[in-house]
Amino acid sequence: MDLQELAGLVTARRAAVGRPIVVGISGYGGSGKSTLARELVEALPDAVRMRGDDFLDPVRVHERSADWDGVERDRLATEVLRPFREGVPGEFRRFDWDLGRFRDPEPVPRADVLVVDLIGLFHPETLPLLDLTVWCEVDLDTAVQRGMLRDRRAGHDHDRVWTDVWAANERDFESAFGPREVADVRFPTG
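Note that the sequence shown covers residues 320 to 509 in the working numbering.
In case anyone wonders, no lab produced these hints; they're calculated from the structure. Where a beta carbon is used, it is the ideal one built from N, C-alpha and C, also for glycine. Check each hint, because a few of them may be wrong.
As the list claims (entries may be wrong) - Across the chosen pairs, the derived CB separations fall in these ranges:
id	residue 1	residue 2	range
1	A385	D417	25 to 31 Å
2	G337	T482	29 to 35 Å
3	P408	D483	38 to 44 Å
4	A334	G419	40 to 46 Å
5	T354	P424	26 to 32 Å
6	Q464	G337	39 to 45 Å
7	D460	R401	22 to 28 Å
8	D483	E358	27 to 33 Å
9	L328	R471	32 to 38 Å
Please work from the sequences and hints to get the whole structure.
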């Protein structure tokens with residue numbers, strides 16, 4: 320599958336559902352989720368992206384957990400996914416990583432398609448709120464190497480967190496929830 324085929328699938332799903340839809344893009348850290356989300360939004364006529372990084376707890380995301388506990392799925396579901404799908408106004412707060420605090424509330428965007436890219440997204444808490452799920456298909460070792468390189472280029476040395484915490488969290492999450500298996504689409508990013 321390529322980007323145009325994926326965009327066609329999203330368009331068809333939107334038409335079939337008859338209301339704005341949420342496309343969830345997940346995969347390992349470093350798998351290319353954000354890149355795919357940006358490209359998909361550009362390929363669709365009325366789509367917006369919600370950055371998953373805005374829904375990470377800045378402390379817990381750096382800790383070991385079997386279910387990616389640092390992903391604030393409840394906040395994402397309550398503040399964004401439910402209001403968007405129901406077509407009702409809502410507000411959410413992005414986390415500002417540079418300032419280390421939440422920004423002022425802003426309205427949930429309105430569009431035909433909301434694309435959300437986030438680690439640990441295909442979890443029982445959020446999966447029912449996603450109309451189409453896309454897994455970024457790349458092996459974990461490659462994703463970890465990409466993530467470490469990206470962080471180094473941005474001036475961050477998170478190598479130990481990548482290898483000791485995040486890769487282990489990915490393996491545990493995969494074992495518990497099978498995100499790759501529940502995805503509607505496995506999109507090659509490797």
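>> Need the list of violated hint numbers for this structure, in ascending order.
In response: As far as the earlier hints go, 2 and 7 are violated by this structure, in ascending order.
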